[in-house]
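Enquirer: Below are the chains, spelled out letter by letter.
There are 6 protein chains.
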Amino acid sequence: MSTVRLLADADLSPEAAAVFADIRATRKTDFINNFWRALANDPPALRRTWESLKQVMGPGTLDPLTKELIYVAVSMANSCEYCIRSHSAAARSKGMSEAQFMELVSIVAMASETNRLAIALQVPVDEAFKPV
Amino acid sequence: MSTVRLLADADLSPEAAAVFADIRATRKTDFINNFWRALANDPPALRRTWESLKQVMGPGTLDPLTKELIYVAVSMANSCEYCIRSHSAAARSKGMSEAQFMELVSIVAMASETNRLAIALQVPVDEAFKPV
Amino acid sequence: MSTVRLLADADLSPEAAAVFADIRATRKTDFINNFWRALANDPPALRRTWESLKQVMGPGTLDPLTKELIYVAVSMANSCEYCIRSHSAAARSKGMSEAQFMELVSIVAMASETNRLAIALQVPVDEAFKPV
Amino acid sequence: MSTVRLLADADLSPEAAAVFADIRATRKTDFINNFWRALANDPPALRRTWESLKQVMGPGTLDPLTKELIYVAVSMANSCEYCIRSHSAAARSKGMSEAQFMELVSIVAMASETNRLAIALQVPVDEAFKPV
Amino acid sequence: MSTVRLLADADLSPEAAAVFADIRATRKTDFINNFWRALANDPPALRRTWESLKQVMGPGTLDPLTKELIYVAVSMANSCEYCIRSHSAAARSKGMSEAQFMELVSIVAMASETNRLAIALQVPVDEAFKPV
Amino acid sequence: MSTVRLLADADLSPEAAAVFADIRATRKTDFINNFWRALANDPPALRRTWESLKQVMGPGTLDPLTKELIYVAVSMANSCEYCIRSHSAAARSKGMSEAQFMELVSIVAMASETNRLAIALQVPVDEAFKPV
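Residue numbers (UniProt numbering), protein chains in the order written: chain A, 1 to 132; chain B, 1 to 132; chain C, 1 to 132; chain D, 1 to 132; chain E, 1 to 132; chain F, 1 to 132.
The hints are simulated quantities; they were obtained by calculation from the structure and are not laboratory data. Where hints are given, some of them may not hold.
[Said to hold, decoys possible] Okay, the calculated bits of chain D under chain F, using three or more residues with CB under 8 Å as the criterion:
| # | region |
| --- | --- |
| 1 | 70-82 |
| 2 | 105-113 |
| 3 | 117-123 |
Even for Gly, the Cβ is constructed at its ideal location relative to N, Cα and C.
Model the full assembly from the supplied sequences, consistent with the hints where possible.
Expert: Structural data, given as structure tokens:
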């Protein structure tokens, strides 16, 4: 019951089909999840989002699991069920244990609590935390 | 300009003073940041928050730097300036490089974008992402 | 499965019935959507909300479709499924094409990304953007 | 007091300098606002964000002013002061009047109110609003 | 440094002046806070917002202090500094003690934590909590 | 369809079982809602959250119903369906009438609207609202 049609492979424009081919090659699986099938209704948006995601989540200075954990944490903070479930699955495939998932959940919840305390009390930033 | 007074050491109740002593012993520094000085107006809340934070951010299955990165990410998602600055400082003290900080920022921003896409398009969760 | 009963026409108080009559006359349709049927449990809130909505979304300096697009965009930013779906329907009835809907989605997502970047980096407002 | 340095033109990497040159050419002005100077610390992020923004805000099925109004609306919903101010300036330069700005503000506020009502009352989506 | 001018009494349109007069009569004070001076740039929005606020915060089934506490709590959840400060002042004038303020802050923070836990764990609603 | 298993009594670790026993004794009912059954996958988190909740929602300077109303209000502001439903049930059991619920909803919605107005207009805090 998405707000747009989830496109099957047969429905794709050539531009969208090329992106799907790259997703499959990059992820080494034939499976394309619903997020991309919804976005395929706008091929330039599909390409832009996939290229950005590949760049942001690709090799860098943080390891792949840490990156996924951060992605899941933000998705929890933004209350996006689809994103929590899809990126939790990705994190599990990169080695996240159930104990690590529960620990992540505790940090997200604790941060939400102290974020709210700092905002409610309007705590001024300490000089020590300001950039030199 | 906090909504409550930032208590100096001389203003603390005995219960709050005991928590400050534990913060100093645990962190091996005399410095107490404003967050705790504001919360000290409610000693039970101060104790509860500190004990919880010590437990959540203490030894577990995720390494200390990963925990701080998750904390900073949630603080960015919640738009809490105080929390972004104080936990970025903590992450830097645990080894976060500037390149890692910028990479964290990119993940938080990218996740916020795809979270919004999944919500706007009301993408249904794939069967593959549902727990067995 | 709302938190209050969705009132049928037969259940309405006279004050709520009068508002429903005005909604029907204004919109030139007999259909009353669930939002108003839930709100009808509090007739003064029903009247106040309808009168405000009629005023805000009525003739002004922005054209009706632009107003609906803004409404949908805010509903996406606030993750309100009901509001995304009902105001997308309203926008379609005022002429929004599927291409415009996808373009709207891209703007909402892109803004969410750059909003998060500006907040994460705590970018100071340029003098050029300050009112004279 | 950003969390990273705002880079002056002399501090830019060649990749960042090339993006700044394209921003200047596209916008036909020498002025580069602080957002890009902060992002320039991560040249690939700078390039990706600018390329995406140029694509999303470029010619499409919605007119340029409508696009900016949507951008400002989302920035208000996300409480991003920097984004409210910079995109309001952009909207003004594309013809937004003060009356239109106030009307936009009313729609954003009204949508936030009814979004909250729909969520608080957990109003179920009407069949009429579901895609066929 | 608001995004619109804060209107002095001498700058008001007759419609805005009438609303200011009613605010002064209702609140039994000459003081008009900045919120209304900003909103006065759009007299119908000023009137609509004031009339709604007067109705919502006026006599009902909840006592005036409880209403203000709820208002402050929502303002904290929405991170609106202006609203936290102005409605805290209102709550104090209606009898809120400093201990009650700190207790309110703890509830807001705790609710933010458990909200996040319920969302992160996607806890299904118990049958017992569903309406009969 | 939670992201973790909802633990039955037979599945509990001794630490989690002890917390469940305390919940039952404190609430004087055998019923344990799903929130705790999900959290029981992480016994220290279960204990910490329950102990904090008991302290925050226990005797203090605000009466029990007012505390629940604040909790529900924050849950509505955070769009947490589980929390809206479970804490509404708790508020009803502490005496909240349907009229009070609808009044609460109006305040939450109205506060969300004026919060957004203050943020959109970037209204500066009045001197009168600053602490002395």
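Enquirer: How about the region 105-113 of chain D: do at least three of its residues have a C-beta closer than 8 Å to a C-beta of chain F?
Expert: It holds: at least three residues are needed, and the region 105-113 of chain D offers 6 whose Cβ sits within less than 8 Å of chain F.
Enquirer: Quick check: do three or more residues in the region 70-82 of chain D have a beta carbon closer than 8 Å to a beta carbon of chain F?
Expert: holds (count 4)
Enquirer: Cut-off 8 Å, C-beta pairs, minimum 3 residues; does the coverage of the region 117-123 of chain D by chain F stand?
Expert: holds (count 5)
Taken one by one, the earlier hints all hold for this structure without exception.
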